[in-house]
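> Protein chains in written order, with the working numbering: chain E, 1 to 335; chain U, 1001 to 1244.
The set of hints was computed from the structure by calculation and includes no laboratory data. Note that the coordinates shown come from a computational prediction; the quantities given were computed from them, not determined experimentally. Heads up, some of the hints might be wrong.
[Claimed, not checked] Label-pair distances were calculated between CB atoms; the ranges are:
hint: 1; chain 1: E; residue 1: Pro133; chain 2: U; residue 2: Pro1155; range: 35 to 41 angstroms
hint: 2; chain 1: U; residue 1: Asp1078; chain 2: E; residue 2: Thr209; range: 19 to 25 angstroms
hint: 3; chain 1: U; residue 1: Arg1081; chain 2: E; residue 2: Ala183; range: 33 to 39 angstroms
hint: 4; chain 1: U; residue 1: Gly1237; chain 2: E; residue 2: Leu139; range: 41 to 47 angstroms
hint: 5; chain 1: U; residue 1: Gly1136; chain 2: E; residue 2: Ala113; range: 26 to 32 angstroms
[Unchecked claim] Residues of chain E clear of chain U, computed beta-carbon distances all greater than 12 angstroms:
hint: 6; residue: Ile19
hint: 7; residue: Ile155
hint: 8; residue: Leu164
hint: 9; residue: Met224
hint: 10; residue: Phe274
[Claimed, not checked] Sample of chain E residues facing chain U (criterion: CB under 10 angstroms; computed from the structure):
hint: 11; residue: His138
hint: 12; residue: Glu220
hint: 13; residue: Glu223
hint: 14; residue: Val332
Ideal placement from N, C-alpha and C gives every residue a C-beta, glycine not left out.
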Amino acid sequence: MTTRVEQALPPRRRDLAPILLVPLVALAALPLVGSLSTWVTLTLAGLAMGMIIFIIASGLTLVFGLMDVLNFGHGAFISIGAYTAAVLAPSLSGLIRADSLALNLIALLALIALAMAVTGVLGYAFERIIIMPVYRQHLKQILVTIGGLIVAEQIIIAVFGPVLIVLPLPTAFRGSLVFGDIAIERYRLIAVVVGLVIFAAMVLILDRTRIGLLIRAGVENGEMVEALGYHIRRLFAGVFIAGSALAGLGGVMWGFYREALTPGMGMDVMVLVFIVVVIGGLGSVGGCFIGSLLVAVVANYTGFLAPKLALGSNILLMALILLWRSRGLYPVAKR
Amino acid sequence: MSERAPLLTLNGVNTHIGPYHILQGVDLEVPRGALTMLLGRNGAGKTTTLRTIMGLWHASAGSVRFDGADITAWATPDIARAGIAYVPENMGIFADLTVRENLLLAARSGPIDAARLRWIFGLFPALEKFWLLAAGVLSGGQKQMLSIARAIIEPRKLFLIDEPTKGLAPAIIANMIAAFHELKKSSDTTILVVEQNFLFAKSLGDAVAVMDNGRVVHAGAMTALVADRDLQQRLLGLSLDRNQ
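Same shape as in the complex, but just chain E (with noise of 0.2 angstroms):
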């Protein structure tokens, strides 16, 4: 409800200090990397990527900070969804081969809806029968959970075989769109789109409905949350569904950026994906989402401008992120 003081007083300060860096490293970046047509590529190309690893990111920092669940089987969601997508883009080939941005982007989101529905009732088993039992036991919920990452990577492997599978792109997805000297490529804007879409859509749910203040009030207190009556163990379920459907959506995304598939291709990322969930602060997807965009353009920085130290430059990040602040860009309250 709205009251006389609702409209009186000013809005809450912002924190604005991590929001600039995206913006202050590319500037930064800008004589460095000397030719702007460069540049531009460089940054939307890390842009793009970034938004992908936020859509795969998000779910999981969500599943951390609610459930405080460290989950290494994230990976396998990411894979999953990948794999989805490749086995039923034949399927689709009719619209995947047509020379229609319309009709490409149905099929697109046709196997995005299909790859986030076959791991969200995953995910749903997952957390019943892996994870529930750990709750609380971080040491066990590692061990678990890279176990349920390695056991996935087996199967994948035992039904499609170790090769690398090709999942090309929509016909109207590939090549570039080119002004001047700056080419960008359409797949990347498609990317840029997509987590733009993720990313309002959990910040309006995280700010407008009540099941988002109670997913943010939980990860602060959980137990409170339960005082007030509210099951949170169904609130949890509903937020690992959630985290493993993004993953799902993450891996189709991946897959397609990559137009390659590999077993190990969710546990290769993950690596990535947490430190972005460090940075972030954990629990936090506006730290998540400034975090995934603050590596991927650093990565493609220093892989341009420095590829022996490209490795090592999203490591180099975290340390002076967390010297920075210690427990990440927008630390949740408890933690």
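Given chain E, put chain U in place with the hints provided.
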């Protein structure tokens, strides 16, 4: 005090926390429509009693009956939905949520009732002033006000409030006493308050129970305890003199 059946009854309640046997047969009756004070020294088991009633710790023996139902093994959310509101010792406010969001969450049945909110603003004006601020930036007293406001944002049958005056300045305690008087006047509800501050307790309590070593060692009318200095001395010891 009401002659009706008690709203809440604990019979021989035992609670273990890990290897520790905290409640060792608590018998307690909370009369309807009255404010009952649960007193006792630190470690007597008062907070554990409230947490056991709320199902945050489960009784290993004995029973908890609320409004005719045996709630001993119920889950905490079901106990809350049966009509019990709980204000924990640490206040349990959600620091990252605004004052408004904290209250919205507590109003389970839907939008906050405007008249009820005005009544709460009358009790705790600071909450109106800081309506859109994150609760984490409130002072200790304001956080306590918010935690109580959250409990009373909708009518409940029973309020469990754990040490509402803990760490508060005398002026804030006086404000809290006034708010509790108003709460008693304005709603037909039952309140069980854990308290260390006897001045606060005797100014508000209709009934009193005193705990020691995980048991209730005295129960009766507050007026009887206030009038009997020997009983006060025996039950509450020297700390009482400081509080008077």
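> Check the following: the C-beta atoms of proline 133 of chain E and proline 1155 of chain U are separated by a distance inside 35 to 41 angstroms.
The hint (35 to 41 angstroms, Cβ to Cβ) holds, given that proline 133 of chain E and proline 1155 of chain U are roughly 39 angstroms apart.
> So is isoleucine 155 of chain E really clear of chain U, every C-beta pair being over 12 angstroms apart?
36 angstroms, holds
> Please confirm whether phenylalanine 274 of chain E is truly not at the interface, meaning its C-beta sits more than 12 angstroms away from all C-beta atoms of chain U.
Fine: 23 angstroms to the nearest Cβ keeps phenylalanine 274 of chain E off the interface.
> Non-interface claim for methionine 224 of chain E: all C-beta distances to chain U beyond 12 angstroms?
4 angstroms, violated
> Going by Cβ atoms only, is glutamate 223 of chain E closer than 10 angstroms to chain U?
6 angstroms, holds
> Would you say leucine 164 of chain E is clear of chain U, with no C-beta pair closer than or equal to 12 angstroms?
Label holds. Min Cβ-Cβ 44 angstroms, cutoff 12 angstroms.
> Evaluate the given range 26 to 32 angstroms for the C-beta pair formed by glycine 1136 of chain U and alanine 113 of chain E.
39 angstroms, violated
> Do the Cβ positions of glycine 1237 of chain U and leucine 139 of chain E conform to the proposed distance bound of 41 to 47 angstroms?
45 angstroms, holds
> Minimum Cβ distance from glutamate 220 of chain E to chain U below 10 angstroms?
5 angstroms, holds
> Report holds or violated for the interface hint on valine 332 of chain E, using the least CB-CB distance to chain U and a cut-off of 10 angstroms.
At about 6 angstroms, which falls below the 10 angstroms cut-off, the nearest Cβ of chain U leaves the hint on valine 332 of chain E intact, so it holds.
> Is the gap between the beta carbons of arginine 1081 of chain U and alanine 183 of chain E within 33 to 39 angstroms?
59 angstroms, violated
> How does the Cβ-Cβ distance of aspartate 1078 of chain U and threonine 209 of chain E compare with 19 to 25 angstroms: does it lie in that range?
Taking Cβ atoms as reference, aspartate 1078 of chain U and threonine 209 of chain E lie about 23 angstroms apart, which means the hint holds.
This entry does not satisfy hints 3, 5, 9 and 11, going by the numbered hints stated previously.
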